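Visitor: Chain residues, written in single-letter form:
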Amino acid sequence: MVKSLNTFKELKDVCEKNNLKIWQVTQDYEAELAETSVDEIRTIVKKSLVAMKEAIKTGLTSKEMSISGMCGDDCDRLQKRFLVEDSIFGRTFEKITTYALATVEENLRMGKIVACPTAGSCAIVPSVLVGVAENLNISEEEQLNALITVGTIGRIISNKVALAGAVAGCQAECGVASAMSAGALTQMRGGDINQILNAVALALKNLLGLTCDPVCGLVEIPCVKRNPFLAIHAVTASELALAGIETKIPIDEVVDALAQTGQLMSPMLKESSQAGLATTKTALALKDKLFK
Amino acid sequence: MKQSSIIDIISPIMVGPSSSHTAGAVRLGLLAKNIYNAVPKKVTFKLYNSYAQTGKGHGTDKGLLAGVLGLGVDDVRIRNIFESDIAKSIEYEFQYFEDFNRHPNAVDFIFEGERNLKISGNSVGAGEIEITKINDFSVNLTGKYNTLLLVYKDVPNMISRVTNSIHVNIASFHCDRSAKGQDASMCITVDGEINQKVIDFLSLIDDVYMISYIKKLES
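Chains as they are written, first to last, in our numbering: chain A, 1 to 292; chain B, 1 to 219.
Isolated chain A, as found in the complex (with noise of 0.2 Å):
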């Protein structure tokens, strides 16, 4: 039994010792803890995936908009450019960015997604992961071992940080999710441990203070597009640490960077609506007219 994996060095340890991956070293240590097997905890997660792809597909077919009629139209923008035009960053990006939106988009209209790690970051992980692996044709199980590993690099870091855009702000939510997909999307291209962690601390480190402002206090500006946005910011990550580019400041120490910038973030821009664009003047005028 391994005693504990709070953090990503005691992660990385027992993964080179055992010389096993993060995926089996989870599987392994996730049913000793809920006394099950391993089978029934890839079924779990399995079932995460399965709702995500359906959210996916829901999501691309839909322009309904949200209950405040702010947004929900915006996924059906983008796959009809691509269809007149290609992105110049090709065909990935062109999935990754439409799948986001399509997620995000079928959350605010109150359809079924996965909070991972929560609502309003809820595309970002199936956006990437999705995304490239049906474009490299990667299996559904090397799927599943991409998602375990998002739910450890996750859970990690959430032993430090509550991921709560109230508590730490939106780098606790979208940017841990772009950190989680960074670390995910590396392995499912065979990044070894190293590369996987060293993708986790470049996204994550790019995102420390990003705050929590949303207008009319609801999970729609600016947290729609910032979900294609940040998938886009995990694939960047992974490239470079694919590359062999190394953080300098190892993960840990970025988490407690996290924690504590979440902390002296003031409590105006923690989903609280008191500041930020939350309070500029169109987003006054928004609030005006839909709560009157």
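These are computed hints drawn from the structure, not numbers from a lab.
As the structure is a computational prediction, the values presented were derived from the model and not from experiment.
Beta carbons are placed, not taken as given, at the ideal position from N, Cα and C, and that holds for glycine.
Be aware that one or more of the hints could be misleading.
Said to hold, decoys possible - Just the calculated beta-carbon pair ranges, DEER-fashion:
| # | chain 1 | residue 1 | chain 2 | residue 2 | range |
| --- | --- | --- | --- | --- | --- |
| 1 | B | GLN196 | A | GLN260 | 44 to 54 Å |
| 2 | A | LYS80 | B | GLU91 | 42 to 52 Å |
| 3 | A | GLN24 | B | ASP191 | 21 to 31 Å |
| 4 | A | GLU40 | B | ASN135 | 34 to 44 Å |
To be verified - Residues on chain A that point at chain B, a partial pick, calculated with CB under 7 Å:
| # | residue |
| --- | --- |
| 5 | THR118 |
| 6 | THR152 |
| 7 | GLY154 |
Claimed, not checked - Derived pair list, reagent style BS3-like, types lysine-lysine, alpha-carbon separation capped at 27 Å:
| # | chain 1 | residue 1 | chain 2 | residue 2 |
| --- | --- | --- | --- | --- |
| 8 | A | LYS205 | A | LYS248 |
| 9 | A | LYS160 | B | LYS144 |
| 10 | B | LYS46 | A | LYS289 |
| 11 | B | LYS46 | A | LYS292 |
| 12 | A | LYS287 | B | LYS56 |
| 13 | A | LYS112 | B | LYS216 |
| 14 | A | LYS46 | B | LYS144 |
| 15 | A | LYS281 | B | LYS56 |
| 16 | B | LYS215 | A | LYS47 |
| 17 | B | LYS56 | A | LYS112 |
| 18 | B | LYS56 | A | LYS289 |
Fit chain B to the given chain A structure using the hints.
Guide: Okay, now just chain B, sitting in the frame of chain A:
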């Protein structure tokens, strides 16, 4: 450190848009329903602060009602719950308040029917919830464990009589009373199941006014 699981990170599968304002609302409704444990005639929902202000845009009202009607957090019927036939089975009403002595995401459920019950709770983030009051007694229910709740006269030996009977491992234990010798409450969360015979037996104790076995949430 409490042990966490990867499953917490890649779940729940839920109807959007907000884990605290939608999924949390459904779970509060579900747990309140489990506590009331009967079909109510009418439910009044009192929403406070952020729940009152941004609740409509997040479908908090729909989530609370759906939960009371027994729908899970991933049930796509939540979106159109007000128009659905299941919502026609009870009367309901929403009221909105600002009260900064209450949690930002606070709600009271006023159940009316065979018996009347007021249940108060909060959505504390990431879909996690807490029921903090039942009528005037403070409790601490999160829906993660099966829970035995007793209201009884504050007399000696009540705790040992209860704990000696239930024969399961206790996860947490919380007592409260209005005043010495007056009404008291006991809230016990357990691993596993408490036998119905045990609950029937405990309900026969003279000084027990109310006993309720509240099932943990599946969703």
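Visitor: Within a Cα-Cα threshold of 27 Å, do LYS56(B) and LYS112(A) meet the stated pairing?
Guide: holds (18 Å)
Visitor: Does LYS289(A) lie within 27 Å of LYS56(B) when you go C-alpha to C-alpha?
Guide: holds (14 Å)
Visitor: For the hint on THR118(A), just tell me whether its beta-carbon gets within less than 7 Å of chain B.
Guide: holds (6 Å)
Visitor: Holds or violated: LYS287(A) with LYS56(B), Cα cutoff 27 Å?
Guide: holds (13 Å)
Visitor: Measure nothing beyond the straight line between the CA atoms of LYS205(A) and LYS248(A); if it is 27 Å or shorter, mark the hint as holding.
Guide: Satisfied, since the Cα-Cα distance of roughly 10 Å is no more than 27 Å.
Visitor: Does LYS56(B) lie within 27 Å of LYS281(A) when you go C-alpha to C-alpha?
Guide: holds (22 Å)
Visitor: Evaluate the given range 34 to 44 Å for the C-beta pair formed by GLU40(A) and ASN135(B).
Guide: Check passed, 40 Å falls within 34 to 44 Å.
Visitor: When you check the alpha-carbon spacing of LYS112(A) and LYS216(B), does it fall within 27 Å?
Guide: holds (23 Å)
Visitor: Need the status of pair LYS46(A), LYS144(B): alpha-carbon distance at most 27 Å?
Guide: Holds, at about 23 Å.
Visitor: Should the hint that GLN196(B) and GLN260(A) are 44 to 54 Å apart at their CB atoms be regarded as holding?
Guide: holds (51 Å)
Visitor: Holds or violated: LYS215(B) with LYS47(A), Cα cutoff 27 Å?
Guide: holds (24 Å)
Visitor: Confirm or reject the claim that GLN24(A) and ASP191(B) have a C-beta distance inside 21 to 31 Å.
Guide: holds (29 Å)
Checked against the numbered hints given earlier, the structure satisfies every one of them.
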